[in-house]
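Chains as they are written, first to last, in our numbering: chain U, 15 to 277; chain H, 642 to 1030.
If you are wondering where the hints come from, they were derived from the structure by calculation, not from laboratory data. Be aware that a few hints might be false.
Below, a list of computed lysine-lysine pairs in the DSS-like style, where the Cα atoms sit at most 27 Å apart [unchecked claim]:
#1 H:Lys985 to U:Lys183
#2 H:Lys984 to U:Lys171
#3 H:Lys693 to U:Lys134
#4 H:Lys790 to H:Lys693
#5 U:Lys134 to H:Lys1019
#6 H:Lys984 to U:Lys183
#7 U:Lys134 to H:Lys1006
#8 H:Lys985 to U:Lys171
#9 U:Lys100 to H:Lys985
#10 U:Lys206 to U:Lys100
#11 H:Lys985 to U:Lys73
#12 U:Lys73 to H:Lys984
#13 H:Lys985 to U:Lys134
#14 H:Lys720 to H:Lys732
#15 U:Lys100 to H:Lys984
#16 H:Lys985 to H:Lys1006
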Amino acid sequence: MATLEVKNLHVEVEDEETKNKKEILKGVNLLMKTGEIHAIMGPNGTGKSTLSQTIMGQKNYHVTNGDILLNGESILDMPVDQRARKGLFLAMQYPAEIQGVTNAEFLRAAINARRPADDKISVMDFLKELDKNLELLDMSQAMTERYLNEGFSGGEKKRNEILQLLMIKPSFALLDEIDSGLDIDALKVVSKGVNSMRGDNFGALIITHYQRLLNYIKPDVVHVMMDGKIVKTGSADLAQKLENEGYAGLRDELGLKVNLVDD
Amino acid sequence: MTLENLTINEPDWFVQKRLTALGLADKLPLPTMQRFDFHNWQLTPPTRTIIKTNIASPDNYILMDLFDASNEYPDLVQKYLYSIIKADENKLMAYHAAFVNHGVFLYVPKNTVIEKPIELELQQDSSQPFVSHVLVVAGENSKFSLIQKTTTKGNQASVANCVVEIKALTNSEIKYAAVDELGQNVTSYLSRRADVDRDAYVDWSIGLMNEGNTVADFDTDLKGTGAHSEIKVVDITAGKQLEGVNTRVTNYGKKTIGNINQRGVITDHSRLIFNGIGHIIKGASGANAEQQNRVLMMSSHAHGDANPILLIDENDVLAGHAASVGQVDQNQLYYLMSRGLDKKTAQRMVIRGFLGDVLVSIPSKAIREQLVQTIERKLANGQEISENS
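Sequences and hints are given; from them, build the entire structure.
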């Protein structure tokens, strides 16, 4: 069993133009184990994406206090690629487009980056695995010979993120708003992909602000984040409750003085 | 300067061209290149011996040593030699015409289609200057690909002056690909120009991988109505290399199309200037000229410049340009690294994408793969140095 633990995490970002620093995360605590699916819900601008980017190691996010531990080891000083090879994966909200590098070539390189130099994946094994996952995600062969994300539609990009997830098989996946911009059919396909990963060696943190995705990927634990902190943790029922009552209802119930962006 | 024994076995008219040029070499100015100063480079050492080229003669076209061709096909060679790039254009061309010591003549007769790319492997010996002339004539309706690879043998300091003239007659179609890999101690001047007649098409793919200081002029004159050219240049500079590249398209004819796409990657302490020159002559109505000049900086010690220069003397045209000098896109790098690729591998992937357009258009898989390997090697060296400096 692997663990991912976030302890009292404080994170600042610096505005590129004004150079003003702003604290986004104000003491986040979270413990995840493989075998579990967690969901983080919360209103816009509350720090959900910041949390996932900070765990992955995006360098614009500065940790000012607290720690992130993967299997008990702090990863704060590790560069992004090392964190990935240790078992973290972030399905991004806005995946980069890279011309000249095919999807298939990239997937192989990513798989091989995790393996010793003298034990690269064979072409046969790679293609077998690729075909299986393409079918699961209802993606065409042609997608793999296209340049990485280049000219992909929003939905194709999201599917492609999940394809990478299935091929790379991380211990922990952070899924940042993989439901945004998806129609219901695509949402089902993406969910099917994530669900196929479920098992003792996989954990996921699903970031969303709609409950809809959680109808398809049933979380074991639901966290609600507001103003840079996790304010409530509960079972899958919590997501349903939020859907009915809204974030404002929960805020008032908890007696929090937080401005919601949409108030 | 004298011509010594270069002229043995040459027809009189050829010797006369040498002598005329010799008289001009000291009087003419260097070719102009904006924002790039090379006036104190030593580029004109005399040559003393002819370097013969032995090529098996094909059946349906002519491919042979230029000096042999000047005896065997004097009318053809005399008609086209220095008709596209004139021997009196500048000092380096005059020097070239006086001291040319290596040459290849390719003549593809009209209506001839050659499926397999014609490959030309040229090797400069660093013990003497290499003044090389490739003359290409594409007959009407002919169609073929020519791949030229140029390398250096030995490490002595030397000079290369390499000229390619291409005459594309009516409705011909030529793909010309060059992989230039002249050595670190070679100072070179490259001048390549195509003269494109009505409805003819010239496609240039140039991988400028020289390791020494280089000045390059890549020109296309779109003379006939409907003439078309695509010019793609990739360039990687390393070490303390200085490189200046003028890529020019001149639209003379109506409805001519000329697109320039230049990509440069600069590493270490190198310097690269890309001048993209689009000139539309008055009367070339319906002409289309686009250009992109992009430079990627891999080291803060490297200097790059991308200058679009548009000279438009006609109203009824479409012309546009884009230029940039920048660093590797951090979002792309982050994305690739978030999948476990180390920084160097990720950087090289991003760069390969950046160079992609030109790479995919090289008409031979083998040459393409060789070029990719050369690029990988140059970049890997550049990355090492950048990291250690």
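Tested hints:
{"no.": "1", "hint": "H:Lys985 to U:Lys183", "in the structure": "holds (23 Å)"}
{"no.": "2", "hint": "H:Lys984 to U:Lys171", "in the structure": "holds (23 Å)"}
{"no.": "3", "hint": "H:Lys693 to U:Lys134", "in the structure": "violated (48 Å)"}
{"no.": "4", "hint": "H:Lys790 to H:Lys693", "in the structure": "holds (17 Å)"}
{"no.": "5", "hint": "U:Lys134 to H:Lys1019", "in the structure": "holds (25 Å)"}
{"no.": "6", "hint": "H:Lys984 to U:Lys183", "in the structure": "holds (21 Å)"}
{"no.": "7", "hint": "U:Lys134 to H:Lys1006", "in the structure": "holds (25 Å)"}
{"no.": "8", "hint": "H:Lys985 to U:Lys171", "in the structure": "holds (25 Å)"}
{"no.": "9", "hint": "U:Lys100 to H:Lys985", "in the structure": "holds (18 Å)"}
{"no.": "10", "hint": "U:Lys206 to U:Lys100", "in the structure": "holds (25 Å)"}
{"no.": "11", "hint": "H:Lys985 to U:Lys73", "in the structure": "holds (17 Å)"}
{"no.": "12", "hint": "U:Lys73 to H:Lys984", "in the structure": "holds (14 Å)"}
{"no.": "13", "hint": "H:Lys985 to U:Lys134", "in the structure": "holds (19 Å)"}
{"no.": "14", "hint": "H:Lys720 to H:Lys732", "in the structure": "holds (22 Å)"}
{"no.": "15", "hint": "U:Lys100 to H:Lys984", "in the structure": "holds (16 Å)"}
{"no.": "16", "hint": "H:Lys985 to H:Lys1006", "in the structure": "holds (25 Å)"}
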